[in-house]
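A.B. asks: From first to last, the protein sequence lines stand for chains H and Z. All the letters of the first sequence, read from the start, carry residue numbers 1 to 405 under the numbering used here. All the letters of the second sequence, read from the start, carry residue numbers 1 to 405 under the numbering used here.
Keep in mind that the hints were calculated from the coordinates and are not lab data. Built from N, CA and C at the ideal position, the CB exists for glycine as well. It is possible that some hints are incorrect.
Computed spacing ranges between beta-carbons, pair by pair [as the list claims (entries may be wrong)]:
1) Z/ILE380 to H/ARG246: 46 to 54 angstroms
2) Z/ARG364 to H/GLU102: 36 to 44 angstroms
3) H/GLY346 to Z/ARG362: 51 to 59 angstroms
4) H/GLN369 to Z/ARG362: 44 to 52 angstroms
5) H/PRO73 to Z/ILE380: 46 to 54 angstroms
Derived coverage of chain Z by chain H (criterion: at least 3 residues anywhere in the stretch with Cβ under 8 angstroms from a Cβ of chain H; other residues may be distant) [to be verified]:
6) 98-107
7) 350-360
Protein chains: 2
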Amino acid sequence: MSDSLKIINQGSITSPKGFSAGASFAGINKHSPYKLDTAILYSSAPCTTRAIYTTNKVKAAPVLLCQKRLPSPCIRALVVNSGIANACTGESGLLDAYKLTEIVSTKFDLKPDEVLSMSTGVIGKRIPVNTVEKTLLDIKLDDNGGHLFARAIMTTDTRPKEIAVKVESSAGSYTIAGAAKGAGMIAPDMATTLCFITTDASIEDDALKSSLANAGCNSFNMITVDGDTSTNDTLMVMANGMAGNRVIKKGSMDYRLFKEALMRACVFLAKCVASDGEGATRLITVSVSGAFNLKDARMAAKTIAGSNLVKSAIHGADPNWGRIISAAGRSRARMDENITSLKIGGIPLWKNGNILEFDLNRVRSAMMQSEVTIELDLNIGNSMATAWGCDLSEEYVTINSEYTT
Amino acid sequence: MSDSLKIINQGSITSPKGFSAGASFAGINKHSPYKLDTAILYSSAPCTTRAIYTTNKVKAAPVLLCQKRLPSPCIRALVVNSGIANACTGESGLLDAYKLTEIVSTKFDLKPDEVLSMSTGVIGKRIPVNTVEKTLLDIKLDDNGGHLFARAIMTTDTRPKEIAVKVESSAGSYTIAGAAKGAGMIAPDMATTLCFITTDASIEDDALKSSLANAGCNSFNMITVDGDTSTNDTLMVMANGMAGNRVIKKGSMDYRLFKEALMRACVFLAKCVASDGEGATRLITVSVSGAFNLKDARMAAKTIAGSNLVKSAIHGADPNWGRIISAAGRSRARMDENITSLKIGGIPLWKNGNILEFDLNRVRSAMMQSEVTIELDLNIGNSMATAWGCDLSEEYVTINSEYTT
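Only chain H is shown next, with the shape it has when bound in the complex (with noise of 0.2 angstroms):
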């Protein structure tokens, strides 16, 4: 990161000045009943918060809540279970979602309309709001907590995903952080998973509004797992503007640093994700050039990190790389076989449609690291994009044929 970005050691989503968080266990998940299942996130001043959602045409009851209740100046909680998704729940399943804000503006006497809820887990099973309840009246918040809340969102991750930035600028400092979970159901297509964002940067609304895009854009919308887009997916942003710093306007200098320093933090967490995709042991990362423009870069790079061919070969270190090159040929990118260039790992397989000499031995280490580049030159325009993915393992099928039962 530039000079003015540093990321913070240990940092989470309550490094910003005036977030806490807490968290606890409900017993959800029946096969992990002591794991972190509900986690509130608070703020001590109103939040100008803006979500971006699934394009899933069944969009989970906590989404259509914080559909109605965003965009917003005064966001001052998030709820958020994991284990079930409140997806496929009907009318009693938004009345869930809506009881769980209700409980958590009495315990901090704010109205219902300051807070919000999240879910995620299976679909189809109804929160069992009462066990909820007692556990969040027990939940206390701490300025360190947001290390709790990260693990509480978890459901097959391994691992916590959270960042925290700290920009420096003429306007004044002020910290951008992040919590994400990941692992299944994800796919390149607005906002994938679960992303909290925090800051205590002032901003104003259209400003916020136009970085969230951006960031979500080239950073969550890149990635892939397993092609599967949930019910539930959203990315937020909370900014409750205590770092005290000069209100960033849209269009301004302030505003491009934010820019970047949001995308970079969503781009960071977007990769925890896919490198912690289900079953996962590899990062792919694929970078594609020389597109005819934007949106064939974009297209050919997430096709290419969505392929299951790609996926399973990456993942037994063998270089098919044809496999490659047919799934650039699909996505439906303008591309010509006969000007295009293929390496991978750095090394040169395939050059202006002519197959290369290559060692074996070199390009299977190369596909042995714990990330894999793919880099594919179409070589008839100047647009590039790079997606992230993951690959396909055997551990993927064990994990989802065992899922609900």
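Using the hints provided, position chain Z relative to the given structure of chain H.
C.D. replies: Chain Z alone, transformed into the frame defined by chain H:
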């Protein structure tokens, strides 16, 4: 099938009059050098021939050759190899494809442009033309050689896929037959996999063209194994007119019968491909009804059949039905979850957006059958479509992580 269509026991693509075939091995796949990998299909009369091809922008050399020579009223022979796809092989690969047709045209004293070639297998490798030439010269044709042909085109398929149908009509009787290969890189986007159809029917080119488009659309375009559209996908039909029936003209009753028979043969073969997908243990049949229009019905059915999460859940007989609803929701088909209903194996699980009580063991048992049916009623229109797929098993990953090495 109706009274006028009858499946021929032990039929093959050499069941129609005038067709013969033969196959041998050239050792193209180094791991199984004695597997049949080279085949010739021959017709003693010129065939009106049509094909539809992959929509992948990267097209294999033999696809380019077929696109150049078809449509044609005078095709006499086809040479097919498995093991190497002859894709991403540039100008040299194209010359190889032409060379194979020259060898076969010389062998049978035909003109080169009366012969077609097709390949399937690993992308990015050259065909060993000299070795294949020796094999081609050795191949003996046989009126019953269709079964050998069906085996020779297999790659990771576990069984041959063939059918022959006898059609009786007032215009005279004729036979339609086909052989297909599938297993991997199977996705629903125009003529997936290789499928060769022969018929001795006398039919006008225009009628053949539209029957083929209709058959492709309702069969191979409605299956998915892994979402990867191949560089070689081809669905070809060769009609030699030797049955002596009244010439089938577009719009006639004869035409409607031919169209129906061709579609049924293709649906049969497409279902064979889906159920023999790499690592598959079950055929998944997804029927969507009540869709706004046909396009929506197709999109929803194909998206559900192609979802890794749905496929994994079915592999584990896990009634995680929310994944089916979520897949429909991301398919872009119009839907309102409050009026949508779902059955698995005929058992209602969700009705008009309400979660139903169901017997878990009964649903699990339905999900353990060799064919699992999913019925989704979107309840907002009158269109319906059926798609076929297979479960996702650990074996799929194993097969595809060790394919080239």
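A.B. asks: Determine for every hint whether it applies to the structure shown.
C.D. replies: Hint check:
1. Z/ILE380 to H/ARG246: 46 to 54 angstroms: 52 angstroms, holds
2. Z/ARG364 to H/GLU102: 36 to 44 angstroms: With a Cβ separation near 38 angstroms, Z/ARG364 and H/GLU102 satisfy 36 to 44 angstroms, so the hint holds.
3. H/GLY346 to Z/ARG362: 51 to 59 angstroms: For Z/ARG362 against H/GLY346, whose Cβ atoms are near 55 angstroms apart, the range 51 to 59 angstroms holds.
4. H/GLN369 to Z/ARG362: 44 to 52 angstroms: 47 angstroms, holds
5. H/PRO73 to Z/ILE380: 46 to 54 angstroms: Violated, since H/PRO73 and Z/ILE380 (Cβ atoms, about 38 angstroms apart) do not stay within the stated range.
6. 98-107: violated (count 0)
7. 350-360: holds (count 5)
Checked against the numbered hints above, the structure breaks hints 5 and 6 and satisfies the rest.
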